[in-house]
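Asker: As given, the protein sequences belong to chains A and B, one line each in that order. If you read the first sequence in full-length UniProt numbering, its first letter stands for residue 1, the second for the next number, and so on. If you read the second sequence in full-length UniProt numbering, its first letter stands for residue 1, the second for the next number, and so on.
Hints are computed from structural coordinates only; laboratory data are not their basis. Any given hint could be a false lead.
Same chains, same names: a pair is fine if it fits in one copy or spans any two.
SDA-like, lysine to any residue: derived pairs with alpha carbons at most 25 angstroms apart [to be verified]:
| no. | residue 1 | residue 2 |
| --- | --- | --- |
| 1 | Lys-379 | Val-130 |
| 2 | Lys-266 | Glu-322 |
| 3 | Lys-379 | Asp-151 |
| 4 | Lys-317 | Ala-246 |
| 5 | Lys-17 | His-466 |
| 6 | Lys-85 | His-483 |
| 7 | Lys-63 | Pro-360 |
| 8 | Lys-63 | His-46 |
| 9 | Lys-335 | Glu-202 |
| 10 | Lys-75 | Leu-336 |
| 11 | Lys-390 | Gly-367 |
| 12 | Lys-318 | Glu-333 |
| 13 | Lys-62 | Ile-45 |
| 14 | Lys-403 | Glu-78 |
| 15 | Lys-266 | Lys-318 |
| 16 | Lys-75 | Arg-391 |
| 17 | Lys-245 | Leu-332 |
| 18 | Lys-447 | Ile-204 |
There are 2 protein chains.
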Amino acid sequence: MTKVLPTAQLTAEAYPKVKRNPDFKILDADDLKFFQTFLDNDELIHSSIAEETASFNQDWMKKYRGQSNLILLPKSTEKVSQILKYCNENKLAVVPQGGNTDLVGASVPVFDEIILSLRNMNKIRDFNHVSGTFKCDAGVVMRDAHKFLHDHDHIFPLDLPSRNNCQVGGVVSTNAGGLNLLRYGSLHGNVLGLEVVLPNGEVISNINALRKDNTGYDLKQLFIGAEGTIGVITGVSILAAAKPKALNAIFIGIDSFDTVQNLFLKAKNELSEILSAFEFMDRGSIECTIEYLKDMPFPLKNQHNFYVLIETSGSMKKHDDEKLEAFLSSALETKLISEGNLAKNEEEYNALWTWRKSVPPACNSYGGMYKYDMSLELKDLYSVSEAVTKRLNAAGLIGDAPKPVVKSVGYGHVGDGNIHLNIAVREFTKEIENLLEPFVYEYIASKRGSISAEHGVGFHKKGHLHYSRSDIEIRFMKDIRKHYDPNGILNPYKYV
Amino acid sequence: MTKVLPTAQLTAEAYPKVKRNPDFKILDADDLKFFQTFLDNDELIHSSIAEETASFNQDWMKKYRGQSNLILLPKSTEKVSQILKYCNENKLAVVPQGGNTDLVGASVPVFDEIILSLRNMNKIRDFNHVSGTFKCDAGVVMRDAHKFLHDHDHIFPLDLPSRNNCQVGGVVSTNAGGLNLLRYGSLHGNVLGLEVVLPNGEVISNINALRKDNTGYDLKQLFIGAEGTIGVITGVSILAAAKPKALNAIFIGIDSFDTVQNLFLKAKNELSEILSAFEFMDRGSIECTIEYLKDMPFPLKNQHNFYVLIETSGSMKKHDDEKLEAFLSSALETKLISEGNLAKNEEEYNALWTWRKSVPPACNSYGGMYKYDMSLELKDLYSVSEAVTKRLNAAGLIGDAPKPVVKSVGYGHVGDGNIHLNIAVREFTKEIENLLEPFVYEYIASKRGSISAEHGVGFHKKGHLHYSRSDIEIRFMKDIRKHYDPNGILNPYKYV
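When you get a sec, could you build the whole thing from the sequences and use the hints?
Answerer: If you want it as structure tokens, here you go:
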């Protein structure tokens, strides 16, 4: 299962109950001819050979695969508008696609939908270094936005492991979270304006650089996290933060999740404005990671039930170090924590982060893993992990080979109330699957949490929305979708 | 004009072109009887004597006055739901009302709309001091939310001059900005969940305390700033920030607005995470304020073209002071600024803020003022003030009595790109008015700014939306309103 498969099973075959909507037209030669009238050669890929379109049809996890033979890669908002207008009038279904790095099958076709890639819209439009407002095309790769802003003493207000591939428009369309949310807040606060092409080809452009605008409904908000179901984002205006001059980190061993919460409270009070990450990992996460990282020296002497990685970023290293040292010594003195390791330089800072960032690949290294991304009120955050472990243990599934489950572990962003649950397995079995689902979703629903904290809905979680949303909300979401896209041409078979 | 008038002119008389919508039913005895079946005595005021309903019918500025003789003050979400369901079915128009402190005539009836006051829904529902999530009824007065959170070492993420009267639900409904936006961001980022009663009585409740939730469209966002046109907010969940332990301020004299911008950049870089306000005032603002505050010693030796008030808030006073002192001395040494005064204690801190907070009453002290609230890209922020002054000067209207205009001044929140333009007058004249409008709005439109940065739309700016929004956006807003409230019973004659 760790093997890279050449291709995923066709989604249409893997999910035979999902049927192609017969209202959608099947692409024909006239359609193609029309697109060729205004798109250049490098703006259109037409091929019925699966290999030639594989990178567009198949998702990043190789779990879903569509059968589109037309990929359009327009270079301008006007061309996006012409494409959508035509598709809407002719009922041709369309999947908008950014960097195609999503984890829920949102950005690839299910059947023969035309793929509308934003990758050729990759220009930075404007930056004001005084206000920090940054405007760019939707297809700008996040890494490039980071690099540009870094060179101008600013930072893009979020970062993701997929930064080398994901695009700014995709990040906004999926309301991505990432590691900096605790400090810089969500995209609903940071996005200042959007340029969006509606299904009928109309362009709503409020891509201004204003921090405040109270002239009516904040229309851009609905497109943030809409996964391209009601319009295609072609331009983004976002607030960049000043680049911090000092970064630091501590790695801490803790006995209970209650103490993790108390330590978070202490950090909020004492590190306050310089606190930029507060991540936790349980014992199992680190046990897997110790095996995975083999020769890398572990930063603490003993093993603990929980580990916390705290990051600070500020404008003066000396001050940040003083605050962190005071924080660490008082936490040790009052026996709130058992031991802690404060990075002394950039190398140590990076090493501490390696222990956090290696948890997912470590869990995946035994064969494969079941993965959940959930948010809960902080007091309940770890309880879902305990409940799942208990359940798998009761069934006798966790242990040394030949038992199928190596470990069930929990880790995530304490500051955001977001836990990632990884069940590291030697093999995928129906028995494990049946124990996990719908149990996990029902558990989250009982605690009024979210079954998708940051990964979104896409194809994968469309049928699970009712665990986190009421019937009224779901009906309202369907109404909104229908209202914006009456022919339903945008990203069909997904979301709501 | 500074005199407090007993009552404003009836809006219906002042704006004869606005006609009552004949589709709306006129309240009758049966309606009243129905409301009395489930509302207690203290939840219903019915009177045709204007004095008895004046505080509900008339706005805070005494510019607008409605003629409602029924005020409903339900104590529960369920009762709000019953009220709206009945009104929707019977086409009775309704104005939702919070603290009735808005500045655009949004919260009072135009004709005989029933007033739905949230003031009896005033319970704090829940607070989690670890995550900082705060849940309350919509009718909780902002001052009480501040006090509660203050007692729990947190702060409400925004503050307003109207804090003693405005309500949390009203603040969210109008997307209020205030002085802390630079640090804590907008309500679109801070509001975690809302409980909203729709016009048909259905309750959409996602008043959770989750910081991340990517399960479909973020429905709550549309209600933030919707001014009660598509639903009535009855509950709010919001992220409270840790209470800063240290507050400090500097008052600075500057020669040009270019330098104001450069100083802001320097502050972003050097004060970065502790910067909590960056306010500017022009020479005229301070000249008026010096006259107004009379005996209060001015914090600087000389007069300047611009003044800046910088506030910091952080978790360690010693560190903040060091950063501020370093910032001030390097700004003086490099001659970026002419002089500055750093508060040495709380009294001095408060005194410095008095100079900023007294600008509006100072401008109003000569007789009255025309007031605009706009946002622009930072580079253009002050230009609107210069353009207006030039125009009034060219017409020979500014000067000593008997000239009607005392001064035209600009001040505001540099960090938010928000300028308040006050034209201090001895009397209101048609000539001034015709010089100001539509000139000011057209100027803002030409720079792609917002004609309402934080005050909203209401009755006052309904006709002006096209200066900041495109035809497509306005049509979309109308569609959304119609979609949520097909009978148009909520807050009619306003917004869009």
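Asker: The structure should be examined with respect to each hint, and the outcome stated for every one.
Answerer: Hints, one by one, checked against the model:
1. Lys-379 to Val-130: between (40 angstroms within a copy, 9 angstroms between copies)
2. Lys-266 to Glu-322: Answer is both: 15 angstroms inside a copy and 23 angstroms across each meet the 25 angstroms cutoff.
3. Lys-379 to Asp-151: Only across copies: Lys-379 and Asp-151 sit 21 angstroms apart there, 41 angstroms inside one copy, limit 25 angstroms.
4. Lys-317 to Ala-246: So Lys-317 and Ala-246 pass the 25 angstroms test inside a copy (5 angstroms) and across (19 angstroms) alike.
5. Lys-17 to His-466: within (19 angstroms within a copy, 48 angstroms between copies)
6. Lys-85 to His-483: both (16 angstroms within a copy, 23 angstroms between copies)
7. Lys-63 to Pro-360: within (17 angstroms within a copy, 61 angstroms between copies)
8. Lys-63 to His-46: For Lys-63 and His-46, the Cα distance is within 25 angstroms only inside one copy (23 angstroms; across copies 63 angstroms).
9. Lys-335 to Glu-202: Neither, since 62 angstroms and 51 angstroms both go past 25 angstroms.
10. Lys-75 to Leu-336: neither (56 angstroms within a copy, 44 angstroms between copies)
11. Lys-390 to Gly-367: Close inside one copy (22 angstroms), not across copies (74 angstroms); limit 25 angstroms.
12. Lys-318 to Glu-333: both (22 angstroms within a copy, 23 angstroms between copies)
13. Lys-62 to Ile-45: Result: close within a single copy only, 21 angstroms intra versus 64 angstroms inter.
14. Lys-403 to Glu-78: neither (57 angstroms within a copy, 52 angstroms between copies)
15. Lys-266 to Lys-318: both (20 angstroms within a copy, 19 angstroms between copies)
16. Lys-75 to Arg-391: Answer is neither: 52 angstroms inside a copy and 44 angstroms across each miss the 25 angstroms cutoff.
17. Lys-245 to Leu-332: between (27 angstroms within a copy, 23 angstroms between copies)
18. Lys-447 to Ile-204: Between copies only: 18 angstroms across chains, 38 angstroms inside a chain, cut-off 25 angstroms.
Of the numbered hints stated above, those contradicted by the structure are hints 9, 10, 14, 16, listed in ascending order.
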